[in-house]
Each structure stands twice: as structure tokens, then as C-alpha cells.
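Guided by the hints, dock chain G with the ligands onto chain S, whose structure is given.
Protein chains: 2
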Amino acid sequence: MSVNQTNDKAKKKIIVLGGDGFCGWPTSLHLSQIGHDVVIIDNLSRRNIDNELEAESLTPIQPMHTRLHAWKEISGKEITFHNVNIASEYDQLLQVIKQEQPDVIVHFAEQRSAPYSMKSPKHKRYTVNNNMNATHNVLCAIVESELDIHLVHLGTMGVYGYGTAGMKIPEGYLDVEVTTEKGDRVQQQMLYPTNPGSVYHMTKSQDQLLFQYYNKNDRVRITDLHQGIVWGTNTKETNLDDRLLNRFDYDGDYGTVLNRFLMQASVGYPITVHGTGGQTRAFIHIQDTVRCIQLAIENAPTKDDRVMIFNQMTETHRVVDLAKLVSEITGGEIAYVSNPRKEAAENELHVKNDLFLSKGLEPTTLNEGLLQEVSEVAKRFRERADYDKIPATSTWTRDQKPGVPEVNEKEHVQK
Amino acid sequence: MSVNQTNDKAKKKIIVLGGDGFCGWPTSLHLSQIGHDVVIIDNLSRRNIDNELEAESLTPIQPMHTRLHAWKEISGKEITFHNVNIASEYDQLLQVIKQEQPDVIVHFAEQRSAPYSMKSPKHKRYTVNNNMNATHNVLCAIVESELDIHLVHLGTMGVYGYGTAGMKIPEGYLDVEVTTEKGDRVQQQMLYPTNPGSVYHMTKSQDQLLFQYYNKNDRVRITDLHQGIVWGTNTKETNLDDRLLNRFDYDGDYGTVLNRFLMQASVGYPITVHGTGGQTRAFIHIQDTVRCIQLAIENAPTKDDRVMIFNQMTETHRVVDLAKLVSEITGGEIAYVSNPRKEAAENELHVKNDLFLSKGLEPTTLNEGLLQEVSEVAKRFRERADYDKIPATSTWTRDQKPGVPEVNEKEHVQK
Ligand SMILES: NC(=O)c1ccc[n+]([C@@H]2O[C@H](COP(=O)([O-])OP(=O)(O)OC[C@H]3O[C@@H](n4cnc5c(N)ncnc54)[C@H](O)[C@@H]3O)[C@@H](O)[C@H]2O)c1
Ligand SMILES: NC(=O)c1ccc[n+]([C@@H]2O[C@H](COP(=O)([O-])OP(=O)(O)OC[C@H]3O[C@@H](n4cnc5c(N)ncnc54)[C@H](O)[C@@H]3O)[C@@H](O)[C@H]2O)c1
Numbered sequence: 001m002s003v004n005q006t007n008d009k010a011k012k013k014i015i016v017l018g019g020d021g022f023c024g025w026p027t028s029l030h031l032s033q034i035g036h037d038v039v040i041i042d043n044l045s046r047r048n049i050d051n052e053l054e055a056e057s058l059t060p061i062q063p064m065h066t067r068l069h070a071w072k073e074i075s076g077k078e079i080t081f082h083n084v085n086i087a088s089e090y091d092q093l094l095q096v097i098k099q100e101q102p103d104v105i106v107h108f109a110e111q112r113s114a115p116y117s118m119k120s121p122k123h124k125r126y127t128v129n130n131n132m133n134a135t136h137n138v139l140c141a142i143v144e145s146e147l148d149i150h151l152v153h154l155g156t157m158g159v160y161g162y163g164t165a166g167m168k169i170p171e172g173y174l175d176v177e178v179t180t181e182k183g184d185r186v187q188q189q190m191l192y193p194t195n196p197g198s199v200y201h202m203t204k205s206q207d208q209l210l211f212q213y214y215n216k217n218d219r220v221r222i223t224d225l226h227q228g229i230v231w232g233t234n235t236k237e238t239n240l241d242d243r244l245l246n247r248f249d250y251d252g253d254y255g256t257v258l259n260r261f262l263m264q265a266s267v268g269y270p271i272t273v274h275g276t277g278g279q280t281r282a283f284i285h286i287q288d289t290v291r292c293i294q295l296a297i298e299n300a301p302t303k304d305d306r307v308m309i310f311n312q313m314t315e316t317h318r319v320v321d322l323a324k325l326v327s328e329i330t331g332g333e334i335a336y337v338s339n340p341r342k343e344a345a346e347n348e349l350h351v352k353n354d355l356f357l358s359k360g361l362e363p364t365t366l367n368e369g370l371l372q373e374v375s376e377v378a379k380r381f382r383e384r385a386d387y388d389k390i391p392a393t394s395t396w397t398r399d400q401k402p403g404v405p406e407v408n409e410k411e412h413v414q415k
Numbered sequence: 001m002s003v004n005q006t007n008d009k010a011k012k013k014i015i016v017l018g019g020d021g022f023c024g025w026p027t028s029l030h031l032s033q034i035g036h037d038v039v040i041i042d043n044l045s046r047r048n049i050d051n052e053l054e055a056e057s058l059t060p061i062q063p064m065h066t067r068l069h070a071w072k073e074i075s076g077k078e079i080t081f082h083n084v085n086i087a088s089e090y091d092q093l094l095q096v097i098k099q100e101q102p103d104v105i106v107h108f109a110e111q112r113s114a115p116y117s118m119k120s121p122k123h124k125r126y127t128v129n130n131n132m133n134a135t136h137n138v139l140c141a142i143v144e145s146e147l148d149i150h151l152v153h154l155g156t157m158g159v160y161g162y163g164t165a166g167m168k169i170p171e172g173y174l175d176v177e178v179t180t181e182k183g184d185r186v187q188q189q190m191l192y193p194t195n196p197g198s199v200y201h202m203t204k205s206q207d208q209l210l211f212q213y214y215n216k217n218d219r220v221r222i223t224d225l226h227q228g229i230v231w232g233t234n235t236k237e238t239n240l241d242d243r244l245l246n247r248f249d250y251d252g253d254y255g256t257v258l259n260r261f262l263m264q265a266s267v268g269y270p271i272t273v274h275g276t277g278g279q280t281r282a283f284i285h286i287q288d289t290v291r292c293i294q295l296a297i298e299n300a301p302t303k304d305d306r307v308m309i310f311n312q313m314t315e316t317h318r319v320v321d322l323a324k325l326v327s328e329i330t331g332g333e334i335a336y337v338s339n340p341r342k343e344a345a346e347n348e349l350h351v352k353n354d355l356f357l358s359k360g361l362e363p364t365t366l367n368e369g370l371l372q373e374v375s376e377v378a379k380r381f382r383e384r385a386d387y388d389k390i391p392a393t394s395t396w397t398r399d400q401k402p403g404v405p406e407v408n409e410k411e412h413v414q415k
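Top to bottom, those sequences are chains S and G. Residue 332 in full-length UniProt numbering sits at position 332 of the first sequence, with consecutive numbering throughout. Residue 32 in full-length UniProt numbering sits at position 32 of the second sequence, with consecutive numbering throughout.
Please note that a few of the clues may not be correct.
The list treats identical chains as one, so a pair stands whether inside a single copy or across any two.
Capping the alpha-carbon separation at 25 Å, the derived lysine-lysine pairs in BS3-like fashion look like this [said to hold, decoys possible]:
id : residue 1 : residue 2
1  : Lys342    : Lys216
2  : Lys11     : Lys236
3  : Lys182    : Lys11
4  : Lys9      : Lys359
5  : Lys401    : Lys303
6  : Lys389    : Lys359
7  : Lys98     : Lys122
8  : Lys342    : Lys236
9  : Lys303    : Lys342
10 : Lys77     : Lys236
Hints in this document: simulated from the structure, not taken from any laboratory.
Next up, chain S with everything else stripped away, as it sits in the complex (with noise of 0.2 Å):
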């Protein structure tokens, strides 16, 4: 039994909602590994805009009950799955919920792209159609059950849209001093205020008002997890097999910045850097998502506590210099390209991750044989890759241009 392993009072049964996805796939391989009780909930949806978009995961990922076979045959563990679009299929959430009695859900299950929920009114509109209703049904469901179940849900960063005036954005919440009628001055707390930076983000502000209100009416124990941009692919479970690998999203829409830098390099393509670069993101490994999720799990909110809201990030970096360092290691051309978002062109960004450090986290900071086995991942499979899905092309107004590197500066990628 390693030190990880979870003993059987502290076993539980969890359910993990978008467990198909880059970040859900790996964290129940996880959770199952440390002896939990893990069911999947997912309706497949990203693997359906991966046909739309015409632009497949790097990594070949297999279908779901040859990842579950695998998983069992390899580990002896079972976890099982069941197809429900949470958004739209109530009655049939509701039913899983009651059925299998978890002590914890897990909430992947949303749209995640920016640019996708940027690209035309349809995906605005699927965009919050999905992920309002989405959220707003597991809390309904939760209540409805009549169970005392954790909800530990993924938020991100990128609701305080990054302008914080050089203030440290705090775990959540804003202390701040006010004056009464009476001219008292009287310390209130609130919600941090955000500023979301796309229709995506937005929806995860409005998220926050969902667990506000639930866990205030219902006292449902709600734990948020305001994350930053992952990045890696594999993790210790899903290296066991091929037929576990992870997802690695390298498109336009869903490739997320140092991802995208290294695969870029990788295949020969020029790292795109949009605008300046000047934009400061926060950072996490795909290894510390998973180590987090258990971390919010085994430090569970009691029915007394308001929203817990942990930021969950590890290092915070400038887009150019991250272009830099990728390009050092690799040997990879830089391209400034249009910046497709509307955005300042430059922001600092300090974050407090305190809450997660005072839980044991220690972090897996950005190093060079990580940035290694990255790269060797896209090496292995850049057959796979179709460049003409690189560029970032969802634009976040008319007057926004695409990310699109210059004829000549395409003509240095070698197919």
C-alpha cells in the first residue's frame, strides 16, 4: 500500500462529471489508483466537436470502454461509465446520482475553449446553454437527492480577465470597507469580483453565483477550484498504457498556450505568440491538477462553510518568455502573429495559492525534462498533426484578426 493509498474508511464513492476529458481522464485514473470508488459521467461531447472542428487529439485516444478495459486489466480496478448529457438529461443525472450515492462529485463537465465559445453566435450560445445548465442541474440534482454530497467543481483564473491593478488576486474573496448610513465604516466580505475575458469565462463567473446561492439556501459543501492553464499530458496512471494516454489538444480552439508552444516546435511550425506576448497567465501541471482534485477531496468543506474557493495554480508566466524558453530547448522560430482575442496587450498578474501549499501541494514547477517529455509526446505522434489546424482563428470581434503566421514564415514547416 503506497502512502497514497486510501484506506478503507477514507475510501469513497465519487463521481466524476466530464471524466473523458484532458483533465477528467486522468484525475479518475487517479482517484480509482488511490483506492476510491470512481464512476464516470460524460456524453462524449468533446469528442463530437473534435469531428466538428475536423481536428483530432494529438495523441490517439481510445474509446471509453477500451480505456476502462485497460485501466481494469492493468490495474485491477473497475471503474464504470455512464453516457448522460448533464445539460439536457435531468431525469437521468438525477437517477445515476441516486443509484450510486456518492460521497463526492467532481465537475469537469463544461465547454473549455475560449476561442470555441468565441467563434460564431451558435457557440456562444451552445457555450452557455451547456454550461449553465450543466452546473445549475448537478446542484438542483444534488439537492433534490437529498444527499450530502462535496461538490468539487473546475473553475478558472481567467474569470478576473487578468487586470487587477498589481493587486495579489486573493482565494476567492474581497475584504473591503464600507460606510453605513450612519457613517460607520463596517468590514464586509464579498466575492472577488470578476472580469471575464470571453463567453467562456464568463460562464464560469456566472458558475461562482450558482454555488453562492446553493450553498447558502441548501447548504450544499461546495469546493471551487480557480485553475490555471494546464499543461502536460501524462500523467503516472495514464503512462501505464498506450491505450491510457491522455488527450493533447494542439488546435486553434482548444490548444492551450505552452502546449501549443511545444508541439509547435516539435513539428517544425513557427511558435505562434499572439500579439506581444506580453500577456502573464498562471500555470499548473496536468500531475498537480490530479493532486489537487484529491487534495480539495480530502479537505472537504464542513455544511457550516461557505463557497471553498482555491486558486490552483502553481507559477504564473509571460507568454514571450515561455516562447523563449521553448524555443531555446527546441530550436523552434518564433512568430508574432495577430492576437484573435480582445485583450490588453499586456497585464501582470500576481496570484495567492496559499490554501493549497497549507495543504500539502508541492508544486511541479515548469523544468526542462518536463518540457522534454512534452515535446517527445508530440514528436511521437506528429504524423497525427494537421497544421492547417494550428492557427487560432476564432476571432473574439470583427475587428480582431486571426492568428496566422505570415506565407513566409509557414514556408519554414517542414511536412
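This is chain G with the ligands only, laid out in the frame that chain S set:
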């Protein structure tokens, strides 16, 4: 031409979403009366909810085409009507907008009852789904239409949850001083944080985030009116003909506090005070609602303005004081019943309404004449009342009890 008459230059094309409702109908008539070109969109969902709840408007309201025919006959003015569900029929909504090319859209079209939004999981889910998609579709369609449309939305004072630590509720924004990483004190302006008291109020608080985002990203011009509880029934225009009569909700779900008290007293039912009646609420008369919408339209923001937020109310009262006032005027008896809501038993409420005052609003405050007018309407239609529908039976959690008077109190009712 009256002082209120709009000249040709000021004449606007205005779409009223939810123009069949309690506030939307008199607003449509008023805007038409003063010379604007009015188009109503409504899916008649509120009438369908009457069917579901088996509780009709106390006043007999005519079908939309009878209403519009009567208005044509009386005023000579044409209002057109489109039956569209703006939450689910996006393409039709967009088509009407493209075809009508409105200067202004006034958005009343949401599920607006807090008790209805708490009635069951189905009602919670309907409210979130209807209200989120309705507001988001309108914003999305405005952007897609590429027209420069001023959106005027009806929000509620209730988003603030009435717990403001003795502070005067500002008009939307709050100035705070924060400390930067470098130790500097910086002034920041943020949306005044909300603390909604029901699923319905929560959707209004989510609406604010939608407005903030579309204003920032697409520079949509938006006025958000945080309205108090509307009382009264008719306005100058709806009083012109019985076929133009406005809706009067008295049932436990849709009836709002002051109108309910006046109706209860008029039909000989006890005046039902929830809990101690120590709740303080903000109020506005229906005649002022329509006048405020006119003022909001006449004082539109520019493309460079942030979302304009006005508190649309004229006075605050403690519920128990209103009960006593109504009891004095009418001789009705007060019954203190359980509070079906989960809320503070007593609260203070101080609200700024400087913006509307500065734009020329002359508040119509509570006076015996106006209260008598509502009583007269209630008395005139008392045979239409279903006494069983009066108590508030939707409870916030299973710990709350319905607001039903004791049997011996019910016996006072003269059927
Ligand atoms: N990947 C990141 O860098 C990152 C950063 C910050 C926050 N997050 C958050 O973490 C969560 C997971 O992100 P991810 O990268 O794993 O995304 P993903 O798209 O890979 O996974 C999401 C999964 O949820 C499923 N899903 C979506 N809607 C559903 C519905 N209505 N019913 C059932 N299943 C549904 C999808 O099929 C998919 O498998 C998201 O909520 C995201 O916002 C991710
Ligand atoms: N009545 C009050 O005391 C009060 C107080 C504060 C704020 N408000 C706000 O003012 C607005 C109007 O309130 P009201 O009292 O007139 O409510 P109402 O229910 O009488 O009117 C709303 C109208 O919108 C329509 N509607 C709802 N969803 C729709 C959809 N998806 N598509 C098309 N039409 C739809 C309904 O059929 C109805 O005619 C609401 O947004 C409400 O929240 C009302």
C-alpha cells in the same frame, strides 16, 4: 400634441420583449402613446403558467390580438406582435430584429416570480434555462444583427438580498480601495456584489455578468434597471378601455406584496404577513415603471459608456407597516403566517435612486387615493378570485413552511 409627445426626430422603433406581461403591456401602450413605433415579442408563457397554476389574473385580460385591436381603435396607433420564445427560438428572434431594425429593445421577457422559481426542481431549472438563454440570445442577436441597438433590461433590487450592513445600495457600482503587491493603495470600481435571495434573483445577478461582458467585448449599449416591487394595476393608457386592462396577480406565486394585501383586504381574506413582517422592501408604482422606461430610453448610454445601472424604485417600507396601513384603510385583519422563504426575519434597506431623480422622475409615492384605486379594481373583480390560490405555498427548502393562515382565520373569509 402633449408635452410627452415625441416629435418625428425623437420617434424610435422599439421592440418590447415580454410585452404581454404586467409591466410590458402598459409600457408598450405608453411608448406607443407618446409616438414611438412599438413591436411586441412574447411567447405567452406567463398565460400558460396561469393555466399550470390554475390561477388567473384577477382582472380579465384579453388575448393579444383583442388588446391590439382595441388599442388601434382607441388611439389610432398600430402595435405589431410576434409570438416568439426568445430563449429557444433564436433564429426567429434574430429575424424579427433584422426585419424591424429597432433603435431600442426593452427586455421584460423572463420568468419573474421568486416563489415560482423555488417551487420544485423543474421550476428552478425552467427559470435558469429560460432566463439565461433569453438574455444571452438577445445580446447575441444584437451583435449578430450589426445594428446599434440600445438594450433596456429589467433587473431587480432583490439581487442585493437586502442585507447590506446598513449601507446605502449604490446604483450598480462600488468604489473600493485595494492594496497592490507593491503596497500602494489603488481605487477600483466594481459591480456592487450581489447576494440573491432565490433562484429567480440569482438569474438576474447572472444577467449582470452577461451585460458587463457584451458591453466590454462588443460595446453593446445597455441600461439595466434594478426595479423594486411594482404595485398598482392600471396606467393612463390601460384605463382607456376594459379591453386594455392590465394583469393583476394575487396568487401565492406571482402576487407581490402590496397588491396582495390590498386584494386580500378587498375580498375579505386575512392580510397574510410572512414571519414578523420585519422585511424592508423597495417599491414603485406601475405608472412610474412606464415613465422610468421612457426616461431610460431618452437617456441612452453611448458606445463608450459602461452598462448604466439605475435603481428603479421610489420608496422603501417594512412589510408589516404596509399591512397595518392597508388594515387601517380597509378594516382588513392581519394574519401572521409562516415565512416560506429562507431570509433574514428583519432587515434594513437604504437605496440610492439619484439617477432617475436627476433625469426628471417625479415619484408617485404611496397615498390613500392610489391604494383605494387598487382596492376598487380588486372589489370589482372579486368573484374571479380563487381563495385557495391566495396562500404562498412554494417553500425555499423543506425546512420552511407554507404561508397559510390558521383555520379559524380562514373562517373570517366571506365567500
Ligand atoms: N484544460 C485547461 O487548461 C483548464 C484550465 C482551467 C480550467 N479548466 C476547467 O477544467 C474542466 C475540464 O477541462 P478539460 O481541459 O479537461 O476539458 P475537456 O473538454 O477535455 O473535458 C470536458 C469533458 O466534459 C464533457 N462534457 C461537456 N459538457 C458535458 C455535458 N453537458 N454532459 C456531460 N459531459 C459533458 C466533455 O465531453 C469532456 O469530456 C473544465 O471545466 C475547464 O473549464 C481547464
Ligand atoms: N412585477 C414586479 O414587481 C417586478 C419587480 C422587479 C422587476 N421586475 C422585472 O420586470 C420584468 C417584467 O415583470 P412582469 O411583472 O411584467 O412579469 P410578467 O411575467 O407579467 O411578464 C413577463 C413577460 O415575458 C414573457 N416571457 C417570459 N419568457 C419569455 C420567453 N422566453 N420568450 C418570450 N416571452 C417570454 C411572458 O410571457 C410575460 O408576458 C421581469 O424581468 C421582472 O423580473 C418585475
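Against the structure, the hints come out as follows:
1. Taking the shortest alpha-carbon separations for lysine 342 and lysine 216, only the inter-copy value of 9 Å comes in at or below 25 Å, while the best intra-copy value is 35 Å.
2. Taking the shortest alpha-carbon separations for lysine 11 and lysine 236, only the intra-copy value of 20 Å comes in at or below 25 Å, while the best inter-copy value is 68 Å.
3. Within a single copy, lysine 182 and lysine 11 get their C-alpha atoms no closer than 53 Å, and across copies no closer than 45 Å, so neither meets the 25 Å cut-off.
4. Proximity of lysine 9 to lysine 359 under the C-alpha cut-off of 25 Å is restricted to the intra-copy arrangement: shortest distance 20 Å within a copy versus 65 Å between copies.
5. In the homo-oligomer, the alpha carbons of lysine 401 and lysine 303 lie at most 25 Å apart only across protomers (22 Å), although the nearest pairing inside one protomer, at 49 Å, exceeds that limit.
6. In this assembly of identical chains, lysine 389 and lysine 359 lie within 25 Å of each other by CA distance neither inside one copy nor across copies; the values are 40 Å within and 53 Å between.
7. Proximity of lysine 98 and lysine 122 under a CA criterion of 25 Å is satisfied inter-copy only: 17 Å between copies versus 34 Å inside one chain copy.
8. Taking CA atoms no more than 25 Å apart as the test, lysine 342 paired with lysine 236 passes in neither setting, with 37 Å inside one copy and 47 Å between copies.
9. When the C-alpha separation of lysine 303 and lysine 342 is checked against a cutoff of 25 Å, the pair qualifies only between copies, where the shortest distance is 16 Å, while the shortest distance within a copy is 41 Å.
10. When the C-alpha separation of lysine 77 and lysine 236 is checked against a cutoff of 25 Å, the pair qualifies only within one copy, where the shortest distance is 16 Å, while the shortest distance between copies is 73 Å.
Going down the numbered hints, you'll see the structure goes against 3, 6, 8, while the others check out.
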